[in-house]
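Student: Single-letter residue listing:
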Amino acid sequence: MPYKKFCLVCSGKQCASGQSEEIYKELKKLTMEKGICQDVQIVRTGCFGLCSKGPIVKILPDETFYVNVGVKDARAIIDEHIIAGQPVENLMLRHENPAKESRFYQKQVRIALRNCGIINPEDITEYIARDGYAALSMALFEMEPKDIIEELKKSGLRGRGGAGFPTWMKWKFTHDIRDQADEIFIICNADEGDPGAYMDRSILEGDPQSVLEAMALAGYACGSSMGYIYIRAEYPLAIERLYKAMDQAREYGLLGKNILGSGFDFDIEIRLGAGAFVCGEETALIASIEGERGMPRPRPPFPAVKGLWGKPTVINNVETYANIPKIILRGGDWFSRIGTEKSKGTKVFALTGKINNSGLVEVPMGTTLREIIYDVGGGIPNGKAFKAAQTGGPSGGVITAEHLDTPIDYETLGALGSMMGSGGMIVMDEDDCIVDVTKFYLDFSVDESCGKCAPCRIGGRKMYNILRKITMGKGTMEHIQQLRALAVPMQKASLCGLGQSAPNPILSTLRYFEEEYLAHIRDHRCPAGVCKALVTYTINPDICIGCTVCSRKCPNNCITGERKKPHVIDQDNCIKCGICYEGCKFGAVQIA
Amino acid sequence: MGMSREELRLLREKKRLELHEGKDSENRIEILIGMGSSGIASGAKDILKTLSETLKERGINNAMIRKTGSLGLDHAEPTLEIKMSGMPDIIYGKVTSDVARRIVDRHILGRELVCGHVFDKPAQDVVKEPEHAI
Ligand SMILES: Cc1cc2nc3c(=O)[nH]c(=O)nc-3n(C[C@H](O)[C@H](O)[C@H](O)COP(=O)(O)O)c2cc1C
Ligand code: SF4
Ligand code: SF4
Ligand code: SF4
Ligand code: FES
Numbered sequence: 001m002p003y004k005k006f007c008l009v010c011s012g013k014q015c016a017s018g019q020s021e022e023i024y025k026e027l028k029k030l031t032m033e034k035g036i037c038q039d040v041q042i043v044r045t046g047c048f049g050l051c052s053k054g055p056i057v058k059i060l061p062d063e064t065f066y067v068n069v070g071v072k073d074a075r076a077i078i079d080e081h082i083i084a085g086q087p088v089e090n091l092m093l094r095h096e097n098p099a100k101e102s103r104f105y106q107k108q109v110r111i112a113l114r115n116c117g118i119i120n121p122e123d124i125t126e127y128i129a130r131d132g133y134a135a136l137s138m139a140l141f142e143m144e145p146k147d148i149i150e151e152l153k154k155s156g157l158r159g160r161g162g163a164g165f166p167t168w169m170k171w172k173f174t175h176d177i178r179d180q181a182d183e184i185f186i187i188c189n190a191d192e193g194d195p196g197a198y199m200d201r202s203i204l205e206g207d208p209q210s211v212l213e214a215m216a217l218a219g220y221a222c223g224s225s226m227g228y229i230y231i232r233a234e235y236p237l238a239i240e241r242l243y244k245a246m247d248q249a250r251e252y253g254l255l256g257k258n259i260l261g262s263g264f265d266f267d268i269e270i271r272l273g274a275g276a277f278v279c280g281e282e283t284a285l286i287a288s289i290e291g292e293r294g295m296p297r298p299r300p301p302f303p304a305v306k307g308l309w310g311k312p313t314v315i316n317n318v319e320t321y322a323n324i325p326k327i328i329l330r331g332g333d334w335f336s337r338i339g340t341e342k343s344k345g346t347k348v349f350a351l352t353g354k355i356n357n358s359g360l361v362e363v364p365m366g367t368t369l370r371e372i373i374y375d376v377g378g379g380i381p382n383g384k385a386f387k388a389a390q391t392g393g394p395s396g397g398v399i400t401a402e403h404l405d406t407p408i409d410y411e412t413l414g415a416l417g418s419m420m421g422s423g424g425m426i427v428m429d430e431d432d433c434i435v436d437v438t439k440f441y442l443d444f445s446v447d448e449s450c451g452k453c454a455p456c457r458i459g460g461r462k463m464y465n466i467l468r469k470i471t472m473g474k475g476t477m478e479h480i481q482q483l484r485a486l487a488v489p490m491q492k493a494s495l496c497g498l499g500q501s502a503p504n505p506i507l508s509t510l511r512y513f514e515e516e517y518l519a520h521i522r523d524h525r526c527p528a529g530v531c532k533a534l535v536t537y538t539i540n541p542d543i544c545i546g547c548t549v550c551s552r553k554c555p556n557n558c559i560t561g562e563r564k565k566p567h568v569i570d571q572d573n574c575i576k577c578g579i580c581y582e583g584c585k586f587g588a589v590q591i592a
Numbered sequence: 001m002g003m004s005r006e007e008l009r010l011l012r013e014k015k016r017l018e019l020h021e022g023k024d025s026e027n028r029i030e031i032l033i034g035m036g037s038s039g040i041a042s043g044a045k046d047i048l049k050t051l052s053e054t055l056k057e058r059g060i061n062n063a064m065i066r067k068t069g070s071l072g073l074d075h076a077e078p079t080l081e082i083k084m085s086g087m088p089d090i091i092y093g094k095v096t097s098d099v100a101r102r103i104v105d106r107h108i109l110g111r112e113l114v115c116g117h118v119f120d121k122p123a124q125d126v127v128k129e130p131e132h133a134i
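Chains as they are written, first to last, in the UniProt record's numbering: chain A, 1 to 592; chain B, 1 to 134.
Think of the hints as simulated: they come from the structure by calculation, not from any bench. Fair warning: there could be bad hints in the mix.
As the list claims (entries may be wrong) - Result set (BS3-like, lysine-lysine): computed pairs, CA atoms no more than 27 angstroms apart in a straight line:
hint, chain 1, residue 1, chain 2, residue 2
1, A, K5, B, K15
2, B, K15, A, K244
3, A, K257, A, K342
4, B, K45, B, K67
5, B, K45, A, K5
6, A, K153, B, K49
7, A, K532, B, K121
8, A, K553, A, K565
9, B, K121, A, K13
10, A, K257, B, K15
11, A, K28, B, K121
12, B, K15, A, K13
13, A, K4, B, K15
14, B, K128, A, K154
15, A, K342, A, K146
16, A, K28, A, K4
17, A, K576, A, K564
18, A, K28, B, K94
19, A, K257, B, K49
20, B, K83, A, K4
21, B, K49, A, K585
22, A, K154, A, K257
23, B, K121, A, K53
24, B, K67, A, K53
25, A, K172, A, K384
26, B, K83, A, K5
27, A, K25, B, K121
28, A, K564, A, K13
29, B, K94, A, K25
30, A, K4, B, K49
31, B, K15, A, K28
32, A, K306, B, K94
33, B, K49, A, K5
34, A, K384, B, K128
35, A, K462, A, K492
36, A, K72, A, K5
37, A, K311, A, K342
38, A, K4, B, K121
39, B, K14, A, K5
40, A, K34, A, K5
Owing to the predicted nature of the structure, the values given are computational and were not obtained by experimental measurement.
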């Protein structure tokens, strides 16, 4: 006989530290005792994304969700729920604010990612079965272009590509001058240059039709019949699926001439980018599509008025588009109920770094960093302490532990000296050096600067060199002032967002971690033990048992010692690779 | 070959029934494998191969394997979801070839879950929420 019920016990890292394994064993024991182990299977599962309320137990197929479960609660779950069929009320999740959109226990709300991992992205009919092209069909037959813009306005949707500009306003600029232009273009920005972000790739790989449908909606709203998707060539799978999606959409009459017999024509072409970060900037992207070098152009004029080939052009990011069909279908009011006062809807974050559940998460705007890291993200591995989260990539900054409870949206991130950016979120723990991380972003910006304007070209290089000196132990107190002084003209006088925002990581980390800069400069010490020039590895003779592992592993043969006697590192020859530190099972190798 | 608005609606209804009825009918098993870049990078293609081989070996011919995009659970890739009648829909993660064989033998044939590899759905389905406009 198959099982009647399944009892899932979270064995994720956080619940495990709350005795979930003991709960699992107790539940198993009780099912034996009661002779019901043929009826219910007790199963260990991965993290449920609600660790702060762990340990978690969930009963299937009932979908009952128990929180803060203790070993002593196992008996009630078995007796009352499994045997008597009565859910244990006092273990069930109670919402602090049941009126909010939190009817479910999950912190994630997936709008942009609604089809990812659910449909076959290479089969348009599966997209259609999940309301695909219903928004376009409704728009073409029941809505005027201005009605679409009105829904977007109500929704409060803002650009997900970085700046957070209201989408409806861009569309309206172009809509209002559409009669004066002989051609209008719609562009999808799929350049995705932030090294920590990959949600655009994932959407295009998992749900390409949603972006095509949204671009057609933009075409209808703004009077355009031609769209371009600008995507980096390093995304071959996304490109392949986009081509298949476009072919199928054409075959079904959802792209091309006379869509659904409405008289509206719209088609899309793909343009491949070579992957330069600056080509994601809208004016550089436009130049690149025109066949010019991908260099930014002064704004104004803005693309909405004078864009591709001098024609009015609406340019939006992949994630922005992915939201739009759902907004049109369910109405702007629905969307605007999710999120905060000025930032509506959800945002997808690419959660990476020192985090248990790395991956893509989509949460309502206004979710706190604590919820993202300690619930959805499953916390920091190996019991290490949270240090900061970097958002906004090379244009952004850090959020520190004291701001873990700030609701995240465009405004709050800006006020903290970071930014939303495209949604990369890199979690750092106590082992990460803030100066080293900042140097990484500066290095990136300097590398990617197109060199067109001096503040960015020269200022960026200077800042990077100062950071390099600091990490090598050659920093001076003046360097801190110089960094701050260089930042201002760069922010003010650079032509495009790359140069304007490149100093942000420095300013942000100086604001929150000045002490760590000073430790490098004043004390010639890297508190996290990352900057090699400032680190010495020594063996503590009281702990070392002389197992010889380190001396055999050292690539430079600079550890000596007799078997079973304390070993010694020859500092002159040590190349500071850290292998001895990683390899010593006894913690005898120490960093200073 | 263009479609009319009505034809689009009919196609949606037909496909919806097909996907929906598929789940409730006694003899269809649906396996969705996450084939985004992250899934493929962690071996989803091998899992697909192992699964179809094992299904064949066991003489199971009513299972339909579908490729899908990424669920976003990068820490648990490769992932797959199994839908079959009489069992709750289950997402499996950290699927190795060995786990894939166990999924066929235990989940599909034995109607029990494969302990230690079950993962929760990351979010409720907004498409299935009520008050559709169409
Ligand atoms: C240096 C730089 C790089 C950028 N890279 C991207 C990118 O990769 N993808 C993107 O969508 N927007 C990027 N942007 C923002 C675009 O210029 C533009 O604001 C965006 O595509 C507009 O779409 P949205 O309103 O939907 O966000 C970048 C901006 C700058 C200054
Ligand atoms: S700010 Fe930098 S990337 Fe932008 S145009 Fe000037 S040199 Fe080029
Ligand atoms: S590995 Fe550790 S314990 Fe062994 S010899 Fe080296 S320092 Fe001593
Ligand atoms: S840090 Fe590397 S080079 Fe230095 S002693 Fe240890 S293993 Fe040898
Ligand atoms: S570890 Fe159990 S919910 Fe995260």
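Student: A separate judgement is required for each hint: does it hold in the structure or not?
Tutor: Now the hints, each set against the structure:
| no. | hint | result |
| --- | --- | --- |
| 1 | A/K5 to B/K15 | 31 angstroms, violated |
| 2 | B/K15 to A/K244 | 19 angstroms, holds |
| 3 | A/K257 to A/K342 | 38 angstroms, violated |
| 4 | B/K45 to B/K67 | 10 angstroms, holds |
| 5 | B/K45 to A/K5 | 32 angstroms, violated |
| 6 | A/K153 to B/K49 | 48 angstroms, violated |
| 7 | A/K532 to B/K121 | 43 angstroms, violated |
| 8 | A/K553 to A/K565 | 17 angstroms, holds |
| 9 | B/K121 to A/K13 | 18 angstroms, holds |
| 10 | A/K257 to B/K15 | 25 angstroms, holds |
| 11 | A/K28 to B/K121 | 24 angstroms, holds |
| 12 | B/K15 to A/K13 | 40 angstroms, violated |
| 13 | A/K4 to B/K15 | 31 angstroms, violated |
| 14 | B/K128 to A/K154 | 23 angstroms, holds |
| 15 | A/K342 to A/K146 | 22 angstroms, holds |
| 16 | A/K28 to A/K4 | 15 angstroms, holds |
| 17 | A/K576 to A/K564 | 24 angstroms, holds |
| 18 | A/K28 to B/K94 | 24 angstroms, holds |
| 19 | A/K257 to B/K49 | 41 angstroms, violated |
| 20 | B/K83 to A/K4 | 16 angstroms, holds |
| 21 | B/K49 to A/K585 | 40 angstroms, violated |
| 22 | A/K154 to A/K257 | 30 angstroms, violated |
| 23 | B/K121 to A/K53 | 17 angstroms, holds |
| 24 | B/K67 to A/K53 | 34 angstroms, violated |
| 25 | A/K172 to A/K384 | 49 angstroms, violated |
| 26 | B/K83 to A/K5 | 16 angstroms, holds |
| 27 | A/K25 to B/K121 | 24 angstroms, holds |
| 28 | A/K564 to A/K13 | 36 angstroms, violated |
| 29 | B/K94 to A/K25 | 23 angstroms, holds |
| 30 | A/K4 to B/K49 | 31 angstroms, violated |
| 31 | B/K15 to A/K28 | 42 angstroms, violated |
| 32 | A/K306 to B/K94 | 50 angstroms, violated |
| 33 | B/K49 to A/K5 | 31 angstroms, violated |
| 34 | A/K384 to B/K128 | 39 angstroms, violated |
| 35 | A/K462 to A/K492 | 16 angstroms, holds |
| 36 | A/K72 to A/K5 | 21 angstroms, holds |
| 37 | A/K311 to A/K342 | 31 angstroms, violated |
| 38 | A/K4 to B/K121 | 21 angstroms, holds |
| 39 | B/K14 to A/K5 | 32 angstroms, violated |
| 40 | A/K34 to A/K5 | 15 angstroms, holds |
The earlier numbered hints that this structure contradicts are 1, 3, 5, 6, 7, 12, 13, 19, 21, 22, 24, 25, 28, 30, 31, 32, 33, 34, 37, 39.
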